[in-house]
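Number of protein chains: 6
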Amino acid sequence: MEKFKDWIEKATILLEALPYIKRFYGSTMVIKIGGEPMIDEESKENLALNLILLKYVGINPVVIHGGGQQITDLMKSLGKEAIFIEGLRVTDKETMNITEMVLTGMVNKDIVGIINHHGGKAVGISGKDGNLMEAEKLDKGSADLGYVGQIKKINPDVVLTLSEKGFIPIISPVGIGHKGESFNINADTAASRIAVALHAVKLILLTNVRGIYKEPGREDSFLPTVKIKEAEKQIKGNIITKGMLPKVESCIYALKQGVEKAHIINGLIPHSIILEIFTESGIGTQIIK
Amino acid sequence: MEKFKDWIEKATILLEALPYIKRFYGSTMVIKIGGEPMIDEESKENLALNLILLKYVGINPVVIHGGGQQITDLMKSLGKEAIFIEGLRVTDKETMNITEMVLTGMVNKDIVGIINHHGGKAVGISGKDGNLMEAEKLDKGSADLGYVGQIKKINPDVVLTLSEKGFIPIISPVGIGHKGESFNINADTAASRIAVALHAVKLILLTNVRGIYKEPGREDSFLPTVKIKEAEKQIKGNIITKGMLPKVESCIYALKQGVEKAHIINGLIPHSIILEIFTESGIGTQIIK
Amino acid sequence: MEKFKDWIEKATILLEALPYIKRFYGSTMVIKIGGEPMIDEESKENLALNLILLKYVGINPVVIHGGGQQITDLMKSLGKEAIFIEGLRVTDKETMNITEMVLTGMVNKDIVGIINHHGGKAVGISGKDGNLMEAEKLDKGSADLGYVGQIKKINPDVVLTLSEKGFIPIISPVGIGHKGESFNINADTAASRIAVALHAVKLILLTNVRGIYKEPGREDSFLPTVKIKEAEKQIKGNIITKGMLPKVESCIYALKQGVEKAHIINGLIPHSIILEIFTESGIGTQIIK
Amino acid sequence: MEKFKDWIEKATILLEALPYIKRFYGSTMVIKIGGEPMIDEESKENLALNLILLKYVGINPVVIHGGGQQITDLMKSLGKEAIFIEGLRVTDKETMNITEMVLTGMVNKDIVGIINHHGGKAVGISGKDGNLMEAEKLDKGSADLGYVGQIKKINPDVVLTLSEKGFIPIISPVGIGHKGESFNINADTAASRIAVALHAVKLILLTNVRGIYKEPGREDSFLPTVKIKEAEKQIKGNIITKGMLPKVESCIYALKQGVEKAHIINGLIPHSIILEIFTESGIGTQIIK
Amino acid sequence: MEKFKDWIEKATILLEALPYIKRFYGSTMVIKIGGEPMIDEESKENLALNLILLKYVGINPVVIHGGGQQITDLMKSLGKEAIFIEGLRVTDKETMNITEMVLTGMVNKDIVGIINHHGGKAVGISGKDGNLMEAEKLDKGSADLGYVGQIKKINPDVVLTLSEKGFIPIISPVGIGHKGESFNINADTAASRIAVALHAVKLILLTNVRGIYKEPGREDSFLPTVKIKEAEKQIKGNIITKGMLPKVESCIYALKQGVEKAHIINGLIPHSIILEIFTESGIGTQIIK
Amino acid sequence: MEKFKDWIEKATILLEALPYIKRFYGSTMVIKIGGEPMIDEESKENLALNLILLKYVGINPVVIHGGGQQITDLMKSLGKEAIFIEGLRVTDKETMNITEMVLTGMVNKDIVGIINHHGGKAVGISGKDGNLMEAEKLDKGSADLGYVGQIKKINPDVVLTLSEKGFIPIISPVGIGHKGESFNINADTAASRIAVALHAVKLILLTNVRGIYKEPGREDSFLPTVKIKEAEKQIKGNIITKGMLPKVESCIYALKQGVEKAHIINGLIPHSIILEIFTESGIGTQIIK
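Chains as they are written, first to last, in the working numbering: chain A, 168 to 456; chain B, 168 to 456; chain C, 168 to 456; chain D, 168 to 456; chain E, 168 to 456; chain F, 168 to 456.
Possibly wrong hints are sitting among the right ones.
Intra- or inter-copy, both count: the list cannot distinguish identical chains.
Okay, derived cross-link-like pairs now, DSSO-like style, lysine-lysine, Cα gap no bigger than 27 Å in a straight line [as the list claims (entries may be wrong)]:
#, residue 1, residue 2
1, Lys394, Lys381
2, Lys403, Lys189
3, Lys394, Lys189
4, Lys320, Lys456
5, Lys332, Lys189
6, Lys332, Lys288
7, Lys423, Lys307
Hints are computed from structural coordinates only; laboratory data are not their basis. Values in this document were obtained by computation on a predicted structure and should not be read as measured data.
Whole structure, please, built from the sequences with the hints as guidance.
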């Protein structure tokens, strides 16, 4: 009968998730995954199980992924050097081809493979499919970044079609130009724009840090919750910088356009997605209106 | 960060339910509740939460309840003695009225109230509603049991209608005669017949004992799994008797008519329903073909 | 051939109903039945046939019933005295239990039984089912009436679900508190609020008098039609009083919230429902805007 | 109060129709109307009201009409003589044009007009529309009857489309040849074939006689019910002849192909359609299997 | 291989239609056909094929036809003289009967026959069916034109029902009065009103002239495109007169009520419909806002 | 007016396609494209327009593509040698990665880009998405070909979902193993199996030769039509060999499993797809039962 005590405790834990399941039943959540969690096998498996669980309890996850490191790796193998200007990869025609092959043909299908292996039904597409992300050359003044693009319009039909039929859409951040050509789109921005177009309740950005700090470097200054206004102040004050800057900006954009909450969490913590969604305080930083 | 370790463990437990959720997604389970679990508040609350969780993870629970003790109580208050012949309540017109008021007007609505209080959407009906259980006088030879009935036909439309629209149907075991009069139906039998009509994957009978024993009285002879043939042998050998007999017979009937598995479990163990469904070995006795 | 003449007359009568059938096709009518018509068998049968006919000619009847006399009867049998303050039954916990058993477990199922016996498909629920009537304690100043409730919110989903699938919903006037507990709701008020929530074209209150009189007691002062304004004047002038007062107030409320017409008719006249609906002048008092 | 007594009687008559309404709810009935009832105004109005009533109580009437007299009239006006061989109109190209104009352009629209005037929604088509009646030249051995056709195939799509959307289809008996040309089809045959294709429960042929007699001419030998076998015997014995012969043959064909009952009734009796459907014995002859 | 060159050219032509197919996919076009194109066989066949092609490439054609010459012909055969006042046919009861028979019973079914012969699914109705065109006597001051009507209201349900189910509706311009009687409606006006009610993108009027000329009589003054304002100026200046006047007025009405473009084209040019729709300049005059 | 003559000819050509459009309306055609047509821009554009036209005229094209040359090219750039055994590429883990990136990330998205640029709505997926092509290691006896796979099961849901919602599915021939890993699948085989699973009416294989010859090398021995039996004889007689062999075998498989016709055509001829579908004789070899 000892076994039972243990089990009952487990059942109790299961039931603790119920209020969250009720709250989010039927809603859509857009989750952006960096390239890193896709490198070790256990993280990938955890990620897959988290997404499948969401789908089964009535939440519609939509995934956008990155893959910067993997692009740089293939470029190296092909004897090409990766050049960045203000954090943006200079993307000539050949680099765009490499980028698209790596993102859409490798990272994307890797995620699809692991989810489907665990019993989910993932379908991987890029922003070119069904004209999901109409893009144009990013206007950056003097510097010519080549095929780095900015989003003109989101056509969410293909995502909705897949999502409604029980599939989990996995999206690689490649946009389509008006001649059908490809554009390299920032994955955080893509996630933010797609979250808005899908009327998502949450935008969740998986990173490799815990979230936002009042004083970066001081662990005890971690901020579990940040309001838009504070976040904007921190940006002005150069406290939010570098890699975190576009993430926070993407969150603010999504919130202002109607997404209910945005989250920046550490994707390296096992099950970080369901921990963030199914516990009151969460494990990362939530940004709210 | 200690908190996280604990949480991750919790998330792991949540994910252990995933294979069961996948297996039973979209299926129907008929659960019979005796009157006892409806007496203490904590059991009722646990029961409610279990049913709501099932509904949210895509399983359609349908509940049939009893209430013998509560009927006897009201009879006493009204100065009427309860008489039983071979375990069946002699049910004259007045007793039938009392039975129906207690089952349909009290026990049933009590379950509805507790589920809805916890955020579910229960709808309580009796076997008269939508002609769900067409009944006739039980033929018992010499003894006249009055309005004790046997089921002629199940018309599951009203249950399907409610279930498909997101409601949890709660059914009191009162049947309807061809003149519109009420009949007192055995709740185990009712559950079994309704499970068959709904093409349920599981029939779960909640009792106040652990399940079936090879040698009743010896705890170490408990049987986690029993095949129909063994059960029938035990019945012949008078090992299964008294209150357990109609339960096992109901299970056998359901299995022979297409229900995949039947379960006899102890409803007094907290969360016994989800423990039985979401663990491999379960906590009670499962009867299989 | 004599037979034919008679028949043709009958067919002519049938066709006289056509303009009313056309006018009300597809609409919903909420009908409140007092406890009295449920006492003699012929009235019950007439009532059942009237409701079934409405359903078949494309009108959706929704029934709310009372049952005060039957509650008092059971209280007496249990040695409890019925106490009223300003026409409202003082409802302690035990009285609430009795009330719910009588209304939901007896009167309601009696109506269901008679309708289904005559070939209709009735489904009886209470205001607790599907959270149909969310209620709270009625605020009556000094006097503590116990579980006498007032309606906070109507959630008509369960009624619509049943009605659309061909069932006739029969509703007992018991509301659900925020803890899942039961509240005793005035049936006239319940009917009025449900009529509004269902966008009913008619609210019909069956009583045991003919309708409204200009000078109560003088038969020749009977008013076939009363405008809201007149009714309000009569209330102010204390001409409408006692049992009639809450009925007329319920009608006025419904009309002001969008119901097209309200009717107060004598439920003891055979077929009073279809006579009121299918003849130009009707048999009772219609209240209009 | 005298008024009420009268009214209650009327309501009682209305309710007598209920068992028939229940029995035929959702079913289709094919009704063939000769040209005669379309001549006097009162008959037309009665007919219209009967059809509209059927539609409102959930029965789908589909009407096929004739118009022989009206064709002969127009031929005369145009100085053309009507010639018949074995009861069939010799139909050269010009006669076919006249036939189609009269049936489809006049008789059909006359029925449509009267029904729509009384609040129904009739739509008149011919057997050419939507290829409803594919026809070919009738093979009659030596005699060349021109454009007299026989049915090759019924495509009921257009009728079902209209019927499901609440319209009453009125069909003129003109078939379409494989070159798109028109064929003159016997209306009784057309009704019979369409009844089969629509899985109608009843085929009703309106004539100007009471029905079938055991000994034609002797009123007291009238047969309210005839079995197929008897009817076939009467045909062999030359008791059923002339105009009645094709009618009875059409009925037998329909019954053998699955229609439940066929009726031959006198269309000149007011409300003969609803009298035949809504009374137990009916007013004409019913032919059964 | 010579064959291939020829074929590839053909395929190229097919593909030239693609931009137009894309543009008009799912839209409705109302096409008015005069009686003339219905006289020679080749024109009729071309017309049928044009309409069928439109239907298959996802455009919903709705046809309204005239038939003035054919009416006059039958009147003559019946010894009746056709009288016109200001271009409008004086329509006594008998003339109305003839008009309806010719339009609805002959011209309409002729079009249906030819389309269905070529594999389309046409259904011919008149403005009486489903109360499509509610009409009243045209008020023309002193002159009594009899049953010449003007449209009061369009009820497009019957057309939408047929169109959505894959049928091509063919409409004869006969309206229904409030007593169910018939009215003779100008076909151009009918087309214009129906185009508005169906939210058509195009109204196309087939005539026997090329379109609108700046100086009628001078071929080189032909106007491929005319704006509403210019057209109105031409009307004021008496340049657009006679038969062309009601056509241009119908076009202007439709444009002002939301139709995107109106076209007046020569129906005698083979395939004029698809030439007008599937080429940039078209072959007739397009009238635009 | 000269212009018109030319135009009318064009319209006539358009109408010549009508019988084919009618015949194939609503059907599915699976089209396999080799890597070659994807190399020059004009061919790609022609291909895109052909597919879009099919979609607009109600045919559902589903495309499977190859890309062998492009794989070999990238392998070279990465300093890897392509090795073939019996025409099959030896596919170690690294080669599989390259294969997937090229097929799914480059060739596939190139086709999507060009179709969407021309106004179609293409969505590119691989056989991993939605578990479309469940695969396992190809059993080739002694030789270890690594990740060369054979199809175990087709799950066509994702293709049907996209096709029904108006998208053109473009499929790269990568299968999914039971661990979620990727397998290199022969594109002809994939096309054949998918055609069967989708109940396609046609399987069309685009190659760089005209089709099948009785005596390869002799142009005048070209066979426009070949029956399965003849094809099997030619295979036995070693007349069909090398690259043509798997294509013909794929065709035979598809035909035997229910596809109506298979076609081997020269994809380098402009518009070869619509020429094959929309002309009676076609331009390549059709294989029939």
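Item to complete: Could you work out which earlier hints the structure fails to respect and list their numbers in ascending sequence?
Response: 2
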